[in-house]
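Peer 1: Heads up: the sequence shown begins at 1 in our numbering, then just goes up one per residue.
Don't read these hints as lab results, they were simulated from the structure. There could be a bad hint or two in this list.
As the list claims (entries may be wrong) - Here are the computed distance ranges between Cβ atoms for each label pair:
#, residue 1, residue 2, range
1, ALA72, GLN141, 13 to 23 Å
2, GLY104, GLY3, 23 to 33 Å
3, PRO37, GLN141, 15 to 25 Å
4, TYR8, PRO106, 29 to 39 Å
5, THR112, GLY44, 36 to 46 Å
None of these values were measured; they are calculated from a predicted model. Where a beta carbon is used, it is the ideal one built from N, C-alpha and C, also for glycine.
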Amino acid sequence: MKGFDPAYRDIVDYIVGITHRIWEEGDMGHIYETYAPTCAVHTGYGLAYGVENVVGGSVAFLAGFPDRRLYAEDVIWTGDDETGFHTSHLIFNTATNTGYSPWGPPTGKRATFLAIANCFVRENRIVEEWLVRDTAALVRQLGFK
1 MKGFDPAYRD IVDYIVGITH RIWEEGDMGH IYETYAPTCA VHTGYGLAYG VENVVGGSVA
61 FLAGFPDRRL YAEDVIWTGD DETGFHTSHL IFNTATNTGY SPWGPPTGKR ATFLAIANCF
121 VRENRIVEEW LVRDTAALVR QLGFK
């Protein structure tokens with residue numbers, strides 16, 4: 001793929017690979033290599049700009065759920081390496097709340113939840129992302145109301 005790290009054989013390998021490296025291997029620094037410095041990220045909490053927000057949000061989530069595992073259920077995509085790729089990644093998550101999270105103190109409870117990350121990717125960088133987590137399921141399983 002022109003403009004992409006040669007370690008990735010196609011866009012699906014890229015999406016699954018960077019997700020694994022960032023979350024499973026805990027390589028938060030890899031976010032700087034795979035998100036554009038001025039990326040836009042849309043979540044249920046609003047719109048945030050910049051790679052620093054991606055790193056901050058990721059580190060905060062990992063602090064509350066250090067054993068989080070993300071299992072790629074499916075990745076669909078369209079586009080090419082000239083105009084960019086649009087991807088949609090369905091992710092099954094498992095995690096134990098052993099640290100402080102945005103919802104409260106550690107509960108020690110294990111949770112499972114789904115997330116969907118839709119990305120526009122060009123030249124090895126996520127330029128824009130739309131991220132939806134089933135936060136209601138997560139919060140219910142932790143025992144918060």
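Peer 1: Can you list which hints this structure breaks, lowest number first?
Peer 2: 2, 3, 5
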